[in-house]
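Just need the whole structure built from these sequences, with the hints factored in.
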Amino acid sequence: MNAINIIKELEEIVGKEFASNRSEDLYIYSQDPGASLSRPVDFVVMPNTSKEVQKILKLANREKIPIVPMGGGLTLSGLVIPVKRGIVMDMKRMNKIIEVNELSRFVLIEAGVTTGQLLAYLNNNHPDLQPPIPDAPPSATIAGNALIHGSGYLSQKFGDHGSMINGLEVVLPNGELYKLGSCAVSDYWFARGPIPDFIGMFISSFGTMGIITKLSIKLFPKPKLRNIVFGLNKDPTLLPELISKITFTDLAEDILLGIQDKPDWMKGYTFIIVYITGESEEELNSKTKILKKMYRKAKSRYMKVPNRIENIFLEKPQFAAGAADFRKGGGFEYVGAFIPLQLIPEMIEIGTKISIKHEIVPTMGARLIGQGHAAMFFISYSFNRSDPKDMKNARDALHETNKAVLEIGGIPWKAELDGQKMILEKMDPNYKKLLKQIKNLLDPNGIMNPGNWEVK
Amino acid sequence: MTANPEQDWKDIIHRCFRCGYCKFTYDYSDFNCPSYKKYRFETYSTGGRLWLIYGLITGEISWSQGIANVLYACTTCGNCLENCRFDKFNDFLVDIIEAARAEAVKNGFCPEKQKALIERIENPEMYNPYGEQNSNNEDLKKEYDLPDKAKWVYFIGCTSNYRQTNLRDATLRFLKKANIDFTLINEHCCCSPVIRTGQIESVKDFINFNVAQINAAGALKVITSCAGCYRTLKKDWLKFGADYEFQIYHTVDLVNELLDEGKLTFQSEYKKTVTYHDPCHLGRHMEIYDVPREVYKQIPGIKLVEMKRNRENAWCCGAGGGVKIGYPEWSLEISKERLEEANATGASVISSVCPFCRTNLSDANDIFDMNFEVIDLIEIIDKLDFEIVDTKH
Chain A
168 MNAINIIKEL
178 EEIVGKEFAS
188 NRSEDLYIYS
198 QDPGASLSRP
208 VDFVVMPNTS
218 KEVQKILKLA
228 NREKIPIVPM
238 GGGLTLSGLV
248 IPVKRGIVMD
258 MKRMNKIIEV
268 NELSRFVLIE
278 AGVTTGQLLA
288 YLNNNHPDLQ
298 PPIPDAPPSA
308 TIAGNALIHG
318 SGYLSQKFGD
328 HGSMINGLEV
338 VLPNGELYKL
348 GSCAVSDYWF
358 ARGPIPDFIG
368 MFISSFGTMG
378 IITKLSIKLF
388 PKPKLRNIVF
398 GLNKDPTLLP
408 ELISKITFTD
418 LAEDILLGIQ
428 DKPDWMKGYT
438 FIIVYITGES
448 EEELNSKTKI
458 LKKMYRKAKS
468 RYMKVPNRIE
478 NIFLEKPQFA
488 AGAADFRKGG
498 GFEYVGAFIP
508 LQLIPEMIEI
518 GTKISIKHEI
528 VPTMGARLIG
538 QGHAAMFFIS
548 YSFNRSDPKD
558 MKNARDALHE
568 TNKAVLEIGG
578 IPWKAELDGQ
588 KMILEKMDPN
598 YKKLLKQIKN
608 LLDPNGIMNP
618 GNWEVK
Chain B
-17 MTANPEQDWK
-7 DIIHRCFRCG
3 YCKFTYDYSD
13 FNCPSYKKYR
23 FETYSTGGRL
33 WLIYGLITGE
43 ISWSQGIANV
53 LYACTTCGNC
63 LENCRFDKFN
73 DFLVDIIEAA
83 RAEAVKNGFC
93 PEKQKALIER
103 IENPEMYNPY
113 GEQNSNNEDL
123 KKEYDLPDKA
133 KWVYFIGCTS
143 NYRQTNLRDA
153 TLRFLKKANI
163 DFTLINEHCC
173 CSPVIRTGQI
183 ESVKDFINFN
193 VAQINAAGAL
203 KVITSCAGCY
213 RTLKKDWLKF
223 GADYEFQIYH
233 TVDLVNELLD
243 EGKLTFQSEY
253 KKTVTYHDPC
263 HLGRHMEIYD
273 VPREVYKQIP
283 GIKLVEMKRN
293 RENAWCCGAG
303 GGVKIGYPEW
313 SLEISKERLE
323 EANATGASVI
333 SSVCPFCRTN
343 LSDANDIFDM
353 NFEVIDLIEI
363 IDKLDFEIVD
373 TKH
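Protein chains in written order, with the numbering used here: chain A, 168 to 623; chain B, -17 to 375.
Rather than coming from a laboratory, the hints here were simulated on the basis of the structure. Just so we're clear, the structure is a prediction, and the values are computed from it rather than from any experiment. Just to be clear, a hint being listed does not mean it is correct.
Distance ranges between label pairs, derived from CB positions [as the list claims (entries may be wrong)]: (1) A:Pro430 x B:Lys159: 41 to 49 Å; (2) B:Gly328 x A:Ser453: 46 to 54 Å; (3) A:Lys183 x B:Pro106: 37 to 45 Å; (4) B:Glu94 x A:Asn612: 39 to 47 Å; (5) B:Ile349 x A:Lys183: 22 to 30 Å; (6) B:Gly244 x A:Ile476: 42 to 50 Å; (7) B:Asp73 x A:Lys456: 42 to 50 Å; (8) B:Asp187 x A:Ile265: 57 to 65 Å; (9) A:Ser190 x B:Lys279: 50 to 58 Å; (10) A:Thr216 x B:Glu269: 37 to 45 Å; (11) A:Asn474 x B:Asp130: 58 to 66 Å.
DSS-like cross-link-like pairs, simulated, lysine-lysine; straight-line CA separation at most 25 Å [claimed, not checked]: (12) B:Lys123 x B:Lys158; (13) A:Lys483 x B:Lys70; (14) A:Lys183 x B:Lys19.
Think of the CB as a built atom: it goes at the ideal place given N, C-alpha and C, for glycine as much as any other residue.
Below, the structure written as structure tokens:
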């Protein structure tokens, strides 16, 4: 079928105004805000219902056209830029907040609901509840974030945001619609089991298994008060132990680390940022005291920071996109890796070394995940979008980082194509075999974001 | 920046990260960019536009009618100015879009409907975007017994002079009652519509003509009842190199000043619930939010209520940036959303200080049977009895 017929059929499904093969739209969807090179797109489509998604997938499957689902498009690793051309399905018209269950604390939403939208909705309608929010702009979608093992607010206490998924509605390449989780058995989207759990297959598979149309995610009680206890550490080797001890106390809602060489006075230090919550100032003061003591014992010290700094960290969502403007260049790669706690000192060393090699000011950090079971360690490689050499420099730094991460035992997060290849090279052969078998079973025509997680 | 479109905007445009803050209200509860809310493709966000413009600069893409259409489907309301988080960049977003529109014009891609603006304005019979016979305002001068020379010039603006004449007349009556020493000039369009749509070739000539007329009248102060003219005279004329020494006032400035000085006292009531619509050209573009509110609050009997989105966060009326002429139906849809928001306040009156907002809100009010009274602040004042003492303006 030729392009004219395909666009006509897409228009019939979603309406003329929400399907496009206009060159200006294709240009915008052929790139993302990261350092990835652009790749051509043939069509962009914005469905409004699960039924429309089903019809589009049936069309793509029939015509064997690659299809790539897109949320906020903010992974910075090119995951929503098609590798083998085809259709980008922008999910953001599917933006209904369907149900909030206050007692069982979950929200059922369509896949295009943004983090900003849900945050505002809960603030206005369910002020006692808080959602998991990534360190990303408010235009990031809740589903997109959870489906890449995103982390952010509440990750230290409750795990990565993928683990907070209770249920999914997913359309498979053949156009069939499936409910996964408790919703397959019950009217309540409250849990992943107790039945065989297929949800994990759709997390970090980058749209290669199917297209998520609805998602239920856990909500959490919003504390009355929240504060931050900042610490300063000069010896990274002491950090894993200190952090582990903090998680033992159950004091911290979230724990972040920050390392950056600019301004000069910050060089050589790791900033420990511990979010504490409480019902009263007294409770916060008591928790602060305990943390100060723990900092001292770990040869670190408590740091009083001005309110404006504290407010930066208390803002939801945090203004992480500011990193793109450090060099007034409009771009940064947010290289992340999931690591066990003990690798934090090595990651600091790796990040510093690679940054300096590539003449980028070392800027790193970490978020604790799941009470210390893991950390998402990130290195920010800022670049100037107007300088292709500088963008390549960031890509090279990213490549070296992924390699180094895998060598020490970490796993690159939301890995771009090269990173995925490196992970697959190191992956247990039987895991790879299973991945290939599952992909072939679900997507025999190979239309789902092909090129990603491609097992040869 | 628009003074010379070749200037530094091309050097900073790549700073847009396309993070998307520009689309939202302050609290992220809704999209506040009319264009993104309508079209939903990323292309139609400010970020999308900036990336298209950057692609044109680098030569990665070439001008097309499609790109021009994206650039022109923007009310230039300035929501992006308020929500973009990059300092010394966010201030220029509307300027960049306008400068890119000027490039579109140069490259022959100005959409047909918007071309009518320049054709009418440059027509020596008209000099206004409405295609009306130009009024040199001599009849009004006679009617209101105005001198040839005065301390103030009332710059009426095309919308008030050719469409919202009640607003014009209310202003004239107020200035007379206030004993303001003012006159009118043979004014040509201030050029707001053509600057906003990038049709800037003859703008300097128009500015020079108007400045010469104002100077010839011996005026030290220029007052206008139009938010669009106010922005254009105060900001754009200077950017286009105008050299003038007179001060620019919006009528609301004068009313507020008289109230503050105790020289104006209202002697009758306006017993209605009113909600104020911030015109983008006065609000986000000129950062004037409190002055009109102060005036409304001092009108006896009035109950002023706020819409959910107000001040920096206000939803646009949909008329600006060439959208009313280029996309008339969509323009009214935008106004309808504003009226629905006004409806939620319980107000029976939606009021503003801009004849262009008044026009679009009135049009939507009529078409969608919204049953509001749409009225300018100066028209409300015109309905009241008031006393003015000791004015030496």
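Each hint tested on the structure:
no.	hint	result
1	A:Pro430 x B:Lys159: 41 to 49 Å	violated, 60 Å
2	B:Gly328 x A:Ser453: 46 to 54 Å	holds, 47 Å
3	A:Lys183 x B:Pro106: 37 to 45 Å	holds, 42 Å
4	B:Glu94 x A:Asn612: 39 to 47 Å	holds, 45 Å
5	B:Ile349 x A:Lys183: 22 to 30 Å	holds, 23 Å
6	B:Gly244 x A:Ile476: 42 to 50 Å	holds, 46 Å
7	B:Asp73 x A:Lys456: 42 to 50 Å	holds, 45 Å
8	B:Asp187 x A:Ile265: 57 to 65 Å	holds, 58 Å
9	A:Ser190 x B:Lys279: 50 to 58 Å	holds, 52 Å
10	A:Thr216 x B:Glu269: 37 to 45 Å	holds, 42 Å
11	A:Asn474 x B:Asp130: 58 to 66 Å	holds, 59 Å
12	B:Lys123 x B:Lys158	holds, 12 Å
13	A:Lys483 x B:Lys70	holds, 23 Å
14	A:Lys183 x B:Lys19	holds, 16 Å
Checked against the numbered hints listed earlier, the structure breaks hint 1 alone; every other hint is satisfied.
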